[in-house]
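Novice: In order, the protein sequence lines correspond to chains V and L. Using this note's numbering, you'd call the opening residue of the first sequence number 19 and step up by one each time. Using this note's numbering, you'd call the opening residue of the second sequence number 7 and step up by one each time.
In short, the hints are calculated from the structure, not lab data. Treat the hints with caution; some may be incorrect.
[Unchecked claim] Cβ-Cβ distance ranges computed for the label pairs, FRET-style:
no.	chain 1	residue 1	chain 2	residue 2	range
1	V	Arg81	L	Phe34	55 to 61 Å
2	V	Arg81	L	Gly62	23 to 29 Å
3	V	Asp159	L	Leu83	18 to 24 Å
4	V	Ser50	L	Leu83	39 to 45 Å
5	L	Ser60	V	Arg81	36 to 42 Å
6	V	Thr160	L	Leu77	38 to 44 Å
7	V	Ala31	L	Phe81	17 to 23 Å
8	L	Ala9	V	Ile90	31 to 37 Å
[Unchecked claim] If you only want the chain L side, here are some residues facing chain V, beta carbon under 8 Å, derived:
no.	residue
9	Val43
10	Ile63
11	Gly67
12	Trp71
13	Leu103
14	His107
15	Met110
All values derive from a computational prediction rather than experimental measurement. Yeah, the Cβ is synthetic: ideal placement off N, Cα and C, and Gly gets one too.
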Amino acid sequence: MTYHELNLIFVGAALVFFIVAMLSIGMMMRRSARSRRLSAAARGTTSTQEAAPANVRAPGRTRSALLVKYVITFLVVAALTAIFDNVIIGLGIVAYHADALSGVYLGLIPIEDFAYSLAVVLVAPTLWGLLGHARARHREDTSQ
Amino acid sequence: MSALYLGGLLFSLAGMIILDWRYKLFFFAHAIRAAIVLAVTVVFFVVWDVVGISAGIFFTGSRQWLTGVFLAPDFPLEEVFFLILLGYVTMNTFNGLGRIHEWMLTRTRPDGHP
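Make the full structure from the sequences, and use the hints.
Specialist: In structure tokens:
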């Protein structure tokens with residue numbers, strides 16, 4: 019197995035998790051928007067603006083702001099990886115079997131190492147968001 | 007054998023904890039949620055590492071900078087702290103960007119504060 023093949027398995031798993039989590043967050047947000055509209059209608063307020071909390075913005079803008087946040091986080095983590103990895107490879111703490119590598123390097127770093135930066139950005143903030151939305155939904159359900 | 011690498015990791019981790027504490031970014035925002043995120047992230051990458059090590063793709067080179075404590079063949083204690091740092095840096099960055107975005111929104115809102 020090459021390093022690229024190894025990464026394909028785990029970045030693939032991270033990507034599947036990311037997509038499934040984003041879809042379920044979207045579903046939770048639509049459901050809570052619907053229940054807000056319903057409870058607003060029950061109170062007799064028909065204006066959707068009044069029904070939505072002040073901090074809720076248009077879904078399109080929220081989505082692109084989220085995408086920008088993901089991209090910048092990846093760039094920061096990849097830049098820090100570039101520095102950190104050069105140090106630990108330079109000190110000889112970690113080593114690679116040349117046969118398993120594609121041969122593309124950034125300084126001392128095999129390009130494959132950046133798969134870790136990509137995967138951590140796909141997994142950690144997404145799980146954080148998923149837990150936050152699940153908590154908010156749970157609170158809504160129990161308060162009704 | 008030395009504690010240089012572990013020391014460097016702990017020093018960096020201390021920086022992350024200070025930023026987290028100062029701006030309430032991760033554990034200081036929601037401790038349980040942060041613990042779950044970090045635990046899942048570390049386990050995911052430990053599995054990745056172990057598969058990579060057993061496939062012979064990467065391995066521990068010089069042990070000169072390591073404490074010499076190994077949790078498995080070619081899996082030094084330091085790797086766990088590296089993975090914790092990786093997750094912590096990612097979450098501090100992501101939530102820090104969220105904080106900056108919120109700050110920008112209140113700053114530019116026409117009815118908001120200057």
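Novice: For each hint, tell me whether it holds in the structure or not.
Specialist: Going through the hints against the structure:
Between arginine 81/V and phenylalanine 34/L the beta carbons are some 27 Å apart, a value that contradicts the proposed interval 55 to 61 Å. At about 42 Å, the beta-carbon gap between arginine 81/V and glycine 62/L misses the expected band of 23 to 29 Å. Restraint check, aspartate 159/V to leucine 83/L: a C-beta distance of roughly 43 Å breaks the suggested window 18 to 24 Å. In this structure the hint that serine 50/V and leucine 83/L lie 39 to 45 Å apart at CB holds, the actual value being about 44 Å.
Separated by about 40 Å at the C-beta atoms, serine 60/L and arginine 81/V satisfy the suggested range of 36 to 42 Å. Here the CB-CB span from threonine 160/V to leucine 77/L is close to 41 Å, well matched to the stated 38 to 44 Å. Restraint check, alanine 31/V to phenylalanine 81/L: a C-beta distance of roughly 20 Å satisfies the suggested window 17 to 23 Å. Checked against the given bound of 31 to 37 Å, the beta carbons of alanine 9/L and isoleucine 90/V, roughly 34 Å apart, stay inside it.
For the restraint placing valine 43/L at the interface with chain V, the shortest Cβ-Cβ distance is roughly 5 Å, inside the 8 Å limit, so the hint holds. With a cut of 8 Å, the hint placing isoleucine 63/L at the interface with chain V holds, because the nearest CB-to-CB distance is about 4 Å. Of the supplied interface hints, the one on glycine 67/L holds, with its beta-carbon coming within about 4 Å of a beta-carbon of chain V, less than 8 Å. Taken as an interface hint, tryptophan 71/L checks out: its beta carbon lies about 6 Å from the nearest beta carbon of chain V, inside 8 Å.
Proximity of leucine 103/L to chain V holds as hinted, the smallest CB-CB distance being about 5 Å (cut-off 8 Å). The closest approach between the C-beta of histidine 107/L and any C-beta of chain V is roughly 6 Å, which is under the 8 Å cut-off, so the hint is satisfied. A cut of 8 Å between beta carbons decides the hint on methionine 110/L: the least distance to chain V is about 10 Å, and the hint is violated.
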